[in-house]
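Visitor: Spelled out from the first residue to the last, the chains are:
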Amino acid sequence: MNYLYFPGCTLYTKAKNFDQTARNCSLLLGFELIELPNWTCCGATFPLATDNLMALLPPARILARAKEQGEILTTLCAICFNVIKRTNHLLQRDGEKREKINEFMEMNYLGDLKVLHYLEILKQEIGFSTIKDKVKKPLNELQAAPYYGCMLLRPFEEMGFDDKERPTLFEEFLESLGAKPVDFPYKIECCGSFQSVGSPEVATECAYRILTSAMKQGAEVVVSTCPLCTFNLDQKQSDILKAHLDFKTIPVLYFTQLLGVAMGLDPRTLGFEQNAVDPIPLLKRKGLV
Amino acid sequence: MKIELSRDKVHNEFAKKVEWISGQNLFACYQCGNCTAGCPVAFAMDLGPHEVIRYTLLGLEEEVLSVNTFWLCASCLQCSSRCPKGIDIARVMDALRMVILRKKERRDYLQISEFPEGFLERVPQIAFISGFRKFLS
Chain B
0 MNYLYFPGCT LYTKAKNFDQ TARNCSLLLG FELIELPNWT CCGATFPLAT
50 DNLMALLPPA RILARAKEQG EILTTLCAIC FNVIKRTNHL LQRDGEKREK
100 INEFMEMNYL GDLKVLHYLE ILKQEIGFST IKDKVKKPLN ELQAAPYYGC
150 MLLRPFEEMG FDDKERPTLF EEFLESLGAK PVDFPYKIEC CGSFQSVGSP
200 EVATECAYRI LTSAMKQGAE VVVSTCPLCT FNLDQKQSDI LKAHLDFKTI
250 PVLYFTQLLG VAMGLDPRTL GFEQNAVDPI PLLKRKGLV
Chain Z
0 MKIELSRDKV HNEFAKKVEW ISGQNLFACY QCGNCTAGCP VAFAMDLGPH
50 EVIRYTLLGL EEEVLSVNTF WLCASCLQCS SRCPKGIDIA RVMDALRMVI
100 LRKKERRDYL QISEFPEGFL ERVPQIAFIS GFRKFLS
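Heads up: the protein sequence lines correspond to chains B and Z, in order. The numbering of the first sequence is numbering that gives the first Met the number 0, which starts it at 0 and goes up by one. The numbering of the second sequence is numbering that gives the first Met the number 0, which starts it at 0 and goes up by one.
It should be emphasised that the hints constitute simulated quantities derived from the structure, not laboratory data. Nothing here was measured: the structure is a model prediction, and the numbers come from that model. There may be inaccurate statements among the hints.
[Unchecked claim] Here are some of the chain Z residues that sit facing chain B, going by a computed Cβ distance under 10 Å:
(1) Pro39
(2) Asn67
(3) Cys75
(4) Gly130
[As the list claims (entries may be wrong)] Non-contacting residues of chain B with respect to chain Z, defined by C-beta distances greater than 10 Å in every case (computed):
(5) Gly94
(6) Ser128
(7) Arg267
Ideal Cβ placement from N, Cα and C applies to all residues, glycine included.
Chain B with its partners taken away, still in its complex shape:
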């Protein structure tokens, strides 16, 4: 089976390694990501002001166009997933807003598309046991900290991804790859998100707390599902080093990069050169590359 795929603004540039590894892994798992034609940016924020219909238009258009092509839309980026899924939820339930938006778009979308994150495709459509069978290079009990962040989980009533306080889906995924998931108290805590633009020092502090919390629990690597979390947790480690003299760096990988390692993909195709903290020494030490 193939799935319609919405890449979003960052997946072609700063998070190319996320996009490429997901596409390559899906082929090995027996499905293909079919890129949505003529996609536009989702807006990268779900509008929280109740009267802001304008900001709902980009995700609504994406949904309406996707519905013309298939029944399931998948994303990799957790923010795209949140914006598109919440908009879908709103279009399903709020008839008045749906009518207004459809009239403006000159389309007729009813909110009947299924929006799934790539991790959900892996769990619900492929199955973690199938993935386990297809793993060529088990991750050798690599201590991996699953960082959920906020956008996959909240608001629970609309996202329905997993338990809002103690999710386990990501842990199950890492276990199927032969890694040892590390439970840490900051796994659902925000990385500072777009504050890295408005108040970078605040986002740096958030990242410091998350990373040290993971390391205290024994993590060797932090695993992420979002290009913005990855920017804050990985690229900003150079800023953390300036602010906290006790800080030690730790590699941050996209979950699809780890999946690629476990599926036996050539490490040169996993885009490690885009990761700010080089994960190769760790992977070498573990006998994985």
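The hints should help you fit chain Z onto chain B, whose structure is shown.
Guide: The following block gives chain Z in isolation, referenced to the frame of chain B:
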């Protein structure tokens, strides 16, 4: 600070505006402080989210609009998820931003020209788009 309470003050126009934009009932708040306790950026805020709600209900418009609280909110929804009274506090924070950004004088929070050199090249698109949408009118 001495504040005189009156019915008019509690049902003030500013609070009504915030309630209207956010779609939330501020009077549901009983000041438990759960929002502030779980907020990942509360350490840098002038007032905690629960205090901002209280100030708003007291009609302290000028004081509320001058704090950094709602500018620092990252809309991570931890507060909304944990509020025992079901207030979507992140929506209240966004409404406060809107009260300022929708004013005619366009008081943007970010000045793009003031970004340090090399910053634009470093930060991913996703951060700019969401940041600009939150901070610019």
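Visitor: Give a verdict on every hint.
Guide: Hint check:
About 5 Å separates the beta-carbon of Pro39 of chain Z from the nearest beta-carbon of chain B, less than 10 Å, and the hint is met. Of the supplied interface hints, the one on Asn67 of chain Z holds, with its beta-carbon coming within about 8 Å of a beta-carbon of chain B, less than 10 Å. Proximity of Cys75 of chain Z to chain B holds as hinted, the smallest CB-CB distance being about 3 Å (cut-off 10 Å). Here the hint on Gly130 of chain Z is kept, as its CB sits about 3 Å from the closest CB of chain B, short of 10 Å.
For Gly94 of chain B, the shortest C-beta to C-beta distance to chain Z comes to about 16 Å, beyond the 10 Å cut-off, and the non-interface label holds. With a cut of 10 Å on Cβ distances, Ser128 of chain B stays outside the contact zone with chain Z, its closest approach being about 31 Å. Residue placement check: Arg267 of chain B keeps its beta carbon more than 10 Å from all beta carbons of chain Z (closest about 23 Å).
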